[in-house]
Amino acid sequence: DAKTTQPTSMDCAEGRAANLPCNHSTISGNEYVYWYRQIHSQGPQYIIHGLKNNETNEMASLIITEDRKSSTLILPHATLRDTAVYYCIVRSSSNTGKLIFGQGTTLQVKP
Amino acid sequence: KAGVTQTPRYLIKTRGQQVTLSCSPISGHRSVSWYQQTPGQGLQFLFEYFSETQRNKGNFPGRFSGRQFSNSRSEMNVSTLELGDSALYLCASSFFGTSNNEQFFGPGTRLTVL
Numbered sequence: 001d002a003k004t005t006q007p008t009s010m011d012c013a014e015g016r017a018a019n020l021p022c023n024h025s026t027i028s029g030n031e032y033v034y035w036y037r038q039i040h041s042q043g044p045q046y047i048i049h050g051l052k053n054n055e056t057n058e059m060a061s062l063i064i065t066e067d068r069k070s071s072t073l074i075l076p077h078a079t080l081r082d083t084a085v086y087y088c089i090v091r092s093s094s095n096t097g098k099l100i101f102g103q104g105t106t107l108q109v110k111p
Numbered sequence: 112k113a114g115v116t117q118t119p120r121y122l123i124k125t126r127g128q129q130v131t132l133s134c135s136p137i138s139g140h141r142s143v144s145w146y147q148q149t150p151g152q153g154l155q156f157l158f159e160y161f162s163e164t165q166r167n168k169g170n171f172p173g174r175f176s177g178r179q180f181s182n183s184r185s186e187m188n189v190s191t192l193e194l195g196d197s198a199l200y201l202c203a204s205s206f207f208g209t210s211n212n213e214q215f216f217g218p219g220t221r222l223t224v225l
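If you read the sequences in order, they're chains V and U.
Just so we're aligned: the first sequence equals residues 1 to 111 in my numbering.
Just so we're aligned: the second sequence equals residues 112 to 225 in my numbering.
Rather than coming from a laboratory, the hints here were simulated on the basis of the structure.
From chain V, some residues computed to sit far from chain U (all C-beta separations above 10 Å):
no., residue
1, T8
2, E58
3, S61
4, E66
5, D67
6, R68
7, T79
8, Q108
Calculated lysine to aspartate or glutamate pairs in the DMTMM-like style (CA-CA distance at most 25 Å, straight line):
no., chain 1, residue 1, chain 2, residue 2
9, U, K168, U, E213
10, V, K3, U, E213
11, U, K124, U, D196
12, U, K124, U, E193
13, V, K52, U, E213
14, V, K69, U, E213
15, V, K3, V, E66
16, V, K110, V, E14
17, V, K3, V, D67
Backbone N, C-alpha and C fix where the C-beta goes; we use that ideal spot for every residue, glycine too.
My request is simple: use the sequences and hints to build the entire structure.
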């Protein structure tokens, strides 16, 4: 599974969009990009995933660059409850049932 | 639709004892994965079960084992507990465990080894 690189921490003002970047320059063609978040001591929460195209759901949008070497998770209107550690994960088809978590980005949403 | 449930939520054991943790996946999900989370090592994959068979395994000693039942419920067992086994143990379920299937996590079991 390709390695991901994320900033250690980010701040965002409440009500503004939070844009969380992720670099995955060694991603292979059949590997998916996943985003999870974890609020202190709770189980990780699935946010969104994608392969090539941009994706949107009720929680967030995922923008994947055309060369697929990086992606951005967008929380359109951040609230205080979005304060969490956000994990970008690249997942290959050969590693069934396995997510490889890095250190993630700690997002602090401030009033 | 009920989420992933884990029991017990909290557990205190002493060194040398063994422990069994339980995970009930989302209805219809056949893949169950287990993870260990510690402050020092972060979230690490233990193993995955699908159709009662261990299909994938992380780099943990043989003291960590698991099984899955025909109704997809899973248990993990840790024998001869060590202080370093104190952690949050998380299970996650998905339909097939493949790369296009999102995993949904339970709340975890907090194990403290004294």
